[in-house]
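Chain order of the listed sequences is Y and B.
The first sequence lines up with residues 1 to 247 when you count with our numbering.
The second sequence lines up with residues 1 to 245 when you count with our numbering.
Misleading hints may appear alongside valid ones.
Said to hold, decoys possible - Below, computed lysine-lysine pairings styled on DSSO-like, alpha-carbon distance capped at 27 angstroms: (1) Y:Lys-139 x B:Lys-134; (2) Y:Lys-151 x B:Lys-228; (3) Y:Lys-139 x B:Lys-159.
Claimed, not checked - Heads up, incomplete: computed chain Y residues facing chain B, CB under 7 angstroms, no partners named: (4) Arg-50; (5) Ala-69; (6) Met-70; (7) His-73; (8) Ala-76; (9) Ala-77; (10) Ala-78; (11) Gly-79; (12) Val-88; (13) Ile-90; (14) Ile-93; (15) Ser-102; (16) Ser-105; (17) Gln-106; (18) Gly-145.
Claimed, not checked - Distance ranges between label pairs, derived from CB positions: (19) B:Ala-104 x Y:Thr-5: 32 to 42 angstroms; (20) Y:Arg-125 x B:Phe-5: 56 to 66 angstroms; (21) Y:Ile-178 x B:Ala-232: 38 to 48 angstroms; (22) Y:Pro-51 x B:Pro-31: 41 to 51 angstroms; (23) Y:Arg-125 x B:Glu-43: 44 to 54 angstroms; (24) Y:Arg-125 x B:Gly-148: 53 to 63 angstroms; (25) B:Glu-235 x Y:Arg-125: 17 to 27 angstroms; (26) Y:Glu-210 x B:Glu-64: 54 to 64 angstroms; (27) B:Glu-192 x Y:Tyr-86: 13 to 23 angstroms; (28) B:Glu-174 x Y:Glu-63: 56 to 66 angstroms; (29) B:Phe-5 x Y:Asp-13: 52 to 62 angstroms; (30) Y:Pro-195 x B:Lys-183: 53 to 63 angstroms.
Calculated from the structure, these hints are not laboratory results.
No residue lacks a Cβ here, since even glycine has one placed at the ideal position from N, Cα and C.
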Amino acid sequence: MLRTTNLHATVADKPILNGVSLTVPAGEVHAIMGPNGSGKSTLAYVLAGRPGYEVSEGGATFEGRDLLAMEPHERAAAGLFLGFQYPVEIPGISYLQFLRESLNSQRRARGQDELSAADFIKVAREQAKLLEMDSEMLKRPVNVGFSGGEKKRAEMVQMGILAPRFAVLDETDSGLDIDALRIVGEGINRIMRAPDKGVLLITHYERLLEHVRPDRVHVLQAGRITRSGDIELARDLEREGYTEAAA
Amino acid sequence: MTAPFPTRKQEEWRYADLDALQPVWERFSEPMTVIVGAGEELEEVWLPVAEDVQVRRVSLALGEGAKARLFMLNTAPVYGRIELEVTLAQGADFELFGANIGTALSTNEIVTKVKHVGIGGRSRQTVRSVLNGKAVGSYLGKVEVARGAQQTDAEQSVKAMLLDRGATANCKPELEIFADDVKCAHGATVGELDAMQLFYAESRGLDPASARALLLEGFVMGLWDGAKDGDAIREAAREALRSVV
Numbered sequence: 001m002l003r004t005t006n007l008h009a010t011v012a013d014k015p016i017l018n019g020v021s022l023t024v025p026a027g028e029v030h031a032i033m034g035p036n037g038s039g040k041s042t043l044a045y046v047l048a049g050r051p052g053y054e055v056s057e058g059g060a061t062f063e064g065r066d067l068l069a070m071e072p073h074e075r076a077a078a079g080l081f082l083g084f085q086y087p088v089e090i091p092g093i094s095y096l097q098f099l100r101e102s103l104n105s106q107r108r109a110r111g112q113d114e115l116s117a118a119d120f121i122k123v124a125r126e127q128a129k130l131l132e133m134d135s136e137m138l139k140r141p142v143n144v145g146f147s148g149g150e151k152k153r154a155e156m157v158q159m160g161i162l163a164p165r166f167a168v169l170d171e172t173d174s175g176l177d178i179d180a181l182r183i184v185g186e187g188i189n190r191i192m193r194a195p196d197k198g199v200l201l202i203t204h205y206e207r208l209l210e211h212v213r214p215d216r217v218h219v220l221q222a223g224r225i226t227r228s229g230d231i232e233l234a235r236d237l238e239r240e241g242y243t244e245a246a247a
Numbered sequence: 001m002t003a004p005f006p007t008r009k010q011e012e013w014r015y016a017d018l019d020a021l022q023p024v025w026e027r028f029s030e031p032m033t034v035i036v037g038a039g040e041e042l043e044e045v046w047l048p049v050a051e052d053v054q055v056r057r058v059s060l061a062l063g064e065g066a067k068a069r070l071f072m073l074n075t076a077p078v079y080g081r082i083e084l085e086v087t088l089a090q091g092a093d094f095e096l097f098g099a100n101i102g103t104a105l106s107t108n109e110i111v112t113k114v115k116h117v118g119i120g121g122r123s124r125q126t127v128r129s130v131l132n133g134k135a136v137g138s139y140l141g142k143v144e145v146a147r148g149a150q151q152t153d154a155e156q157s158v159k160a161m162l163l164d165r166g167a168t169a170n171c172k173p174e175l176e177i178f179a180d181d182v183k184c185a186h187g188a189t190v191g192e193l194d195a196m197q198l199f200y201a202e203s204r205g206l207d208p209a210s211a212r213a214l215l216l217e218g219f220v221m222g223l224w225d226g227a228k229d230g231d232a233i234r235e236a237a238r239e240a241l242r243s244v245v
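Pulled out of the complex, with its shape left as it was, chain Y reads as follows:
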């Protein structure tokens, strides 16, 4: 479903990814673990198309289409979702307005009818409830005044509303307490565990993986994948650290 081939990328002329080859088939959840500065977030941004993240070599496809030739909003309309490590605040725009315009923009691009305000609010309320978020929060400006954990939970509500085919989740577990971690983990399973969907889960810690249970675990170090395995690899890493486990 998602495939990167020998992906190299630079940020401000500095090489960060040095040949990432990765295939996530439909129906699977893959985790990427790795120490700080190994290129995890860069990989996420490159896949979503953040300006300034230049691909210097290699490529990436999404369901057979050249991902790198698409604009960020085209990737979203194609069904790609990025859960941000640091969700962005947008004062003056309510979550409801932001997500309704986003969803309808995606639907227009796919040739689908727009959702009416009433239908949209129904969907939004339902998703907020499933993630145990007070739906009143959706009336507030995007992420303004949200705690770190609330922002991450709101990212998952967005994912539930936008219903993507593939999600790249960049450290969605950071800043969450144990209860929130379980709720977010269940949310990921509910929204994304399906035969025609896929997830790339970027994380530092093994704890979220106990909730989401990835099919494969990859270790990213110095911009390339150095090891792949099953969830046992994540447990080894948790126990021994990256240096030991990778050796």
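Given chain Y, put chain B in place with the hints provided.
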């Protein structure tokens, strides 16, 4: 008695459209006085009116521990001026959230003089301008901290967005401080939408033009997030933005 007509040599009238002001000067030559007594609170929303030239000149006195919060939208088709002189007694708190939204050949300006005369006063001024065509939008804001007005905490945040090459933004925060234990911050930017906000919006599926329009709306609408009764000013600002974007 009408006060003498201003000239452009006066700093606070430097960017004014005096030709537009002349015919209506008699009505506005004296500022209106508003007093908020000790410990009292005032929250007001100043909406635009249906006139080519819109002038509001207010002298606001805040007593000890008084609070005032003003929300204002300045979007006259020819000339809009909101002029405010505020005096803060001990522990008084003043907040201003203002927008200049200008199109065509209009001039809109917010001109303030905030005088901290007592200890521990706090003032916050946030002004956003969105301008297209050959519109001019200005903020001239002077903060004076009197001798003895220690622990004053004053902030000015001014940002402008120019949508056409011919548009002009003037941002002039000014400080005059005669006390040594004060906090006075000011920041002014003219220019671009936030790149990270744009990417965030696009990553959710908004095309670049829609993302820009939405962020521009947020740039202004964020001013009214704290208003108790902000529906009217929100609607007026949305309408003004539609004619500019």
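Where does the structure disagree with the numbered hints, that is, which hint numbers, in rising order?
Numbers 1, 5, 6, 10, 11, 18, 19 and 23, in rising order.
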